[in-house]
Amino acid sequence: MLLEAQAVSKAFGNFRAVSDADISVDTGEIIGLIGPNGAGKSTFFNCLAGDATPTGGRIIFADQDVTNASPEAHARLGIGRTFQVPATFEDMSVLDNVMVGAFLRHPHRNDAREHALRTLELTGLKAQAHQGARSLGTPGRKRLEIARVLATDPRLMLLDEALAGLTPTELQDAIKLVRRIHEMGVTLVIVEHIMEVIMTLTRRVLVFNQGHVIASGKPEDVVKDETVITAYLGHGHRRRRGDA
Amino acid sequence: MTKTPAFRSKILVLSVCLLIFPLVFSDAFYRDIGVTVILAAISASAWNIVGGYAGQVSVGHSMFYGIGAYTPLLFYQLWGWSPMVGIPIGIILSIVLAIIVGTPTFRLTGHYFSMATIAVAELIRIFTGTWDFVGAAIGLQGPATARGWWDLTFRGELPYYYIFLGVLAVLLYVTYAVEQRKFGYYLRAIKTGERAARSLGVPVRQTKIKALMLSAAFTSIAGSLYSIKTGFIDPESGFGILVSVQMVIIAALGGAGTLFGPLLGAIILVPLQTATNTWFGGGGSGLTYIFYGGIIVLIARFEPGGLFELWDRIAPARWRRSHAA
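Chains A and B supply the protein sequences, listed in that same order.
The opening position of the first sequence corresponds to residue 1 in our numbering, with each subsequent residue numbered one higher.
The opening position of the second sequence corresponds to residue 1001 in our numbering, with each subsequent residue numbered one higher.
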């Protein structure tokens, strides 16, 4: 088991954003987290990445308790994440952005630069290496975020809607990129609204609603699950469909 | 950010200009302006490490400047030691203060950090103004006449100019070395996005504290050079808020977070200040605040990246800064 979250909860005052959520991820898996807006996916995701400290439960990564560990410690252990809204370093070049990630395992500048250039080649950004990060469009920024995390040599990558907002062609390219990263031996947890991504890439999904995991299993089974359909469409969906 | 041959040739031209300036302008008035420009460039470049590169806008850097300014004259007054002895002690005290101030305040972000630094600097200024040991409100004086070269007390401006220029060269080289290393990349990443930097394994707080320590050390040296040259220091000229504000404005005007931005800012601002002082005399002392305020408004509104960024935007491509990796 690479990652295990046991009964993880996160409350903000009286509001419980995540309640007793469990997840177990084996090395080499790609797992999808789905759910309607406000379901608690991102908060749970932040707990896994060390950006938020759970108020209950614990998180184990590679046999180490990382429940209260900082995001820096997560990165050092091999957990990398992207952000829902790309958080590229705007004032830096594309190459420099990736070098910040590469420095984690390659403290010397030349080594970091070589590693960053290899990563940019893999992610299809080498041609833009010397451009400013702010000159990239949405697809480029999303790709840059992935490249930056990849440069830290993660064992587990947490992708937070990293493929949202792409055109169908860009989406296919991005799916290929995620597959390539997976083939490199990186385990992936993906938060995504685009079902095509989930159905294509993952073998297992967890569905969140109102802070709880309401279903888990194979994507093709989960999408037919009545609880999941109700969570997305509301209790009236049967009546509207004319089933009731 | 490897510097190209074009960059090296620009450095050479700049160095030659700075080296020959006091020889071309041999009048004491111009030489004094030259010394003041270099000193202001040292302070602003020191501030630039933490305020410009790391984006942690300290408005209380006078705390380090003041310590650096007081220690040489204090050791001279207490035991008659050469003011040079006080320089390293000022550096050590400033680094210790940087750790004491940085450890709690770097938990704060944005305006809160700036406000905390103002508060600490003002507390030190008020305390110094009432502490007889350091001359209270009257301040301290250095040697009136030199007992030897080690007193660093010269009649003309020329020796000061070249000593200060040497310190500036060292500081700019250190800053350049920082830019080229992991530390420099981390500082720039922190400036743009702390959360993202943290997620990539950047130890944000430690990096900020290290930057503050380095910045404090050089700011302290600037303070020491100032008090040794003028032979006098009081709470206002050491720890006053204008001292801090001047560092911020000079760096921001030229380009905070750029290697030569603070030097450019000093080259523009110091002669301007001298001119306004000459025109208005003592009656215009309050004008400095208005002048600084006006510059802050103009930079914030029209050119937050400073003159270097403006240059990058408007100059023909071949004249722009060469930052190609």
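None of these hints come from the bench; they were simulated from the model.
Where is the CB? At the ideal position from N, CA and C, for every residue including glycine.
There's no promise every hint is true.
Calculated Cβ distances over 12 Å to all of chain B for the following chain A residues [as the list claims (entries may be wrong)]:
| no. | residue |
| --- | --- |
| 1 | 12 |
| 2 | 58 |
| 3 | 63 |
| 4 | 65 |
| 5 | 96 |
| 6 | 195 |
Reference excerpt, derived from the structure (chain B facing chain A, CB under 10 Å, subset only) [unchecked claim]:
| no. | residue |
| --- | --- |
| 7 | 1129 |
| 8 | 1201 |
| 9 | 1311 |
These are the hints, each one checked on the structure:
no.: 1; hint: 12; result: holds (18 Å)
no.: 2; hint: 58; result: holds (21 Å)
no.: 3; hint: 63; result: holds (20 Å)
no.: 4; hint: 65; result: holds (19 Å)
no.: 5; hint: 96; result: violated (6 Å)
no.: 6; hint: 195; result: holds (27 Å)
no.: 7; hint: 1129; result: violated (40 Å)
no.: 8; hint: 1201; result: holds (3 Å)
no.: 9; hint: 1311; result: violated (16 Å)
Of the numbered hints stated above, those contradicted by the structure are hints 5, 7, 9, listed in ascending order.
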